[in-house]
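**Student:** Each protein sequence line maps, in turn, to chains A and B. Under our numbering, think of the first position of the first sequence as 1, with each following residue one higher. Under our numbering, think of the first position of the second sequence as 1001, with each following residue one higher.
Mixed in with the good hints, there may be bad ones.
Under the rule of at most 30 Å between Cα atoms (straight-line distance), these lysine-lysine pairs were calculated in the DSSO-like manner [as the list claims (entries may be wrong)]:
| id | chain 1 | residue 1 | chain 2 | residue 2 |
| --- | --- | --- | --- | --- |
| 1 | B | K1299 | A | K129 |
| 2 | A | K72 | A | K29 |
| 3 | A | K29 | B | K1416 |
| 4 | A | K128 | A | K150 |
| 5 | B | K1416 | A | K28 |
What the hints contain is simulated information worked out from the structure, not anything from laboratory work. Bear in mind the structure is a predicted one, so any value in this text is a computation, not a measurement.
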Amino acid sequence: MTRIHDTIQAASTALMKARDVSVFYGEKKAIDEVSIDISPDYVTAFIGPSGCGKSTFLRCFNRMNDTIPIAKVTGAIELEGENVLGDTMDVVQLRARVGMVFQKPNPFPKSIYENIAYGPKIHGLAEKKADLDAIVEKSLTRAGLWEEVKDRLDDSGTALSGGQQQRLCIARAIAVDPEVILMDEPASALDPIATAKIEELIDELSGRYAIVIVTHSMQQAARVSQRTAFFHLGKMVEYGPTSDIFTNPIEERTKDYITGRYG
Amino acid sequence: MNNMADISRPTRTPQFEARLAKRYRAERNFKLMGQGAIVFSVAVLIFLLGNMLMNGIGGFQRAELAVPFNFAESGLTGDEVSLTAPSAVQTLEMQGMAEVVHFFAEEALGTEGADQLSDQAWRDVAAALTSDPALLSQTEPVLFNLPASSDLASGLAGEGSPEMQALASKLASEGKLAENWDWGFLSRSDATSPQAVGIWGALKGSILTMIITLVLAFPIGILAALYLEEYAPKNRWTDLIEVSINNLAAVPSIIFGLLGLAVFLAVFPNLRSAPLIGGMTLALMTMPVIVISGRNAIKAVPPSIRDGALAVGASPVQVVFHHVLPLALPGMLTGTIIGMARALGETAPLLLIGMRAFVATPPTDFMSPATVLPVQIFLWSDEIDRGFVERTSAAIVILLLFLLLMNSVAIYLRNKFEKTW
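Hey, can you work out the whole structure from these sequences and the hints?
**Tutor:** Spelled out as structure tokens, the structure:
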């Protein structure tokens, strides 16, 4: 059973609520009855050793697990009262509301402009070219990339450096104006300087979007998040304010992990 | 102590250095073998192409007799209207144009020489007249190079009967008989005499057949590949389909000919020898190649691109058409080139559906009787007349050039798609 810190306040502002979510890969249970609230008021970090199921759980929030034929998700995830996992949920609309950034930067092999404009275009968010230009500029500015690329919007997105590519991917997610942004180890393929920029960016974006970040690095979780959930072997072991988790963990396993005993 | 040092540093022993030298030697030998293989293939290719070109050059020429033709004295009548009418050649034939040409030939070449003028030689003069009716009022004799008979042509080449060789060398020394560059080879069709044959009929047949093949096989192949990779559930049925397609790609081409004969010609019995049926038969043969290469190209598109597109809310169809297809297209085109090149060179299935008929006029549409380049080559190589040997080589040169052209266009398209992405 998950230990939840007493200091946590009831999240009345929860945008997404996961309740008893389990994920099965065939017979194997990858996630075991996890419940958690996601809110724009704070950044939530999922930490835990490799293979603990934190990425799998993250991918439930925008139903990216649908692409894996053998994956089966049970339980409920609500987005403003609507069940995300239900058959009536429109997946395309869901993903426009819940954006995602992946571990490895994956810009489309198109121009920088096209990378950002793609989402708004397919959703019909811009009537005119000028509107689209405005969205591209706003998204790149928010992602802290505008100054670096404004003179070469026609260059290929894949020609950027790794850190720039990842910020491009964040800008791409922002461009469709989502409510939630899921980040799956967004800095694990980047060098420390690029990582610092991404972390700064997460800080700036929190408040506007509900951000969930999966990370390997405990320091990163400590730096960017206000809530931390510790996962181990498919179970959420402990959940609470980040400062409590790192300074005063309740569970022995959490303590062992954050002190580097395993992981 | 020394012993200890040797054991603790196994990479510094003489044995190790000997092994290292052996490893480098093996690498050098392997590189040499590879270079040898390349040199051998290039040499074979050069020999083959060189041989074809040398023989083929002869095929682009023909023995022609110089005959001055005086239109004013020919006794032929006609005006601008009748000479440009579609029936003009028949009209001229009725007026005895063949005899008139023979008469002028006798004047210039003597009886013996005139007898060796090709039976159809007058048609060249008639063609000149119908394209320029003003010639009829010409009082000066106009010099025509008219095709010689195939007997005289082989005489000129130093073959055939001694009398013919003597006649040929006599006419040649007088400057009345020569091997001339034969542009008509590119515009005429099949004929019984090597002096009168051309490649255009077969070339046009090949082009029409290839169009049908491409139009059928490319979209069907690509759609099948996309469906199988992107949509089809992985179960026993799709496994069965996959195995069937792989088997289809390995089926000998003559079997497809039998299929075309049994199925297509049973449904359209009037379309025997038509490019439409030929194209349909070759499309069956080409499609599995396109499906297999298409699936490999789709598999090579990184899943992260799909994830990225799905995550911004693209529907599965949008993911396929905006991201997967453009990235896979160069690979798909490569498969299509290979398939089409194979189809272009295919003879066996087309023989079975009747494309080996003697077709003396180029096909006018997809339904009219036609033959194709490889079949034409096969037919000519079977002819007894020596003149056909060079014509066969010339036809092979044309086939290779056509293949080269097709591949160049495809490679250009492939590079173009690769650049925009």
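**Student:** If a hint holds in the structure, say so; if it does not, say that too.
**Tutor:** Hints versus structure:
no.	hint	in the structure
1	B/K1299 / A/K129	violated (35 Å)
2	A/K72 / A/K29	holds (9 Å)
3	A/K29 / B/K1416	violated (48 Å)
4	A/K128 / A/K150	holds (20 Å)
5	B/K1416 / A/K28	violated (47 Å)
Consistency note: the structure conflicts with the earlier hints numbered 1, 3, 5.
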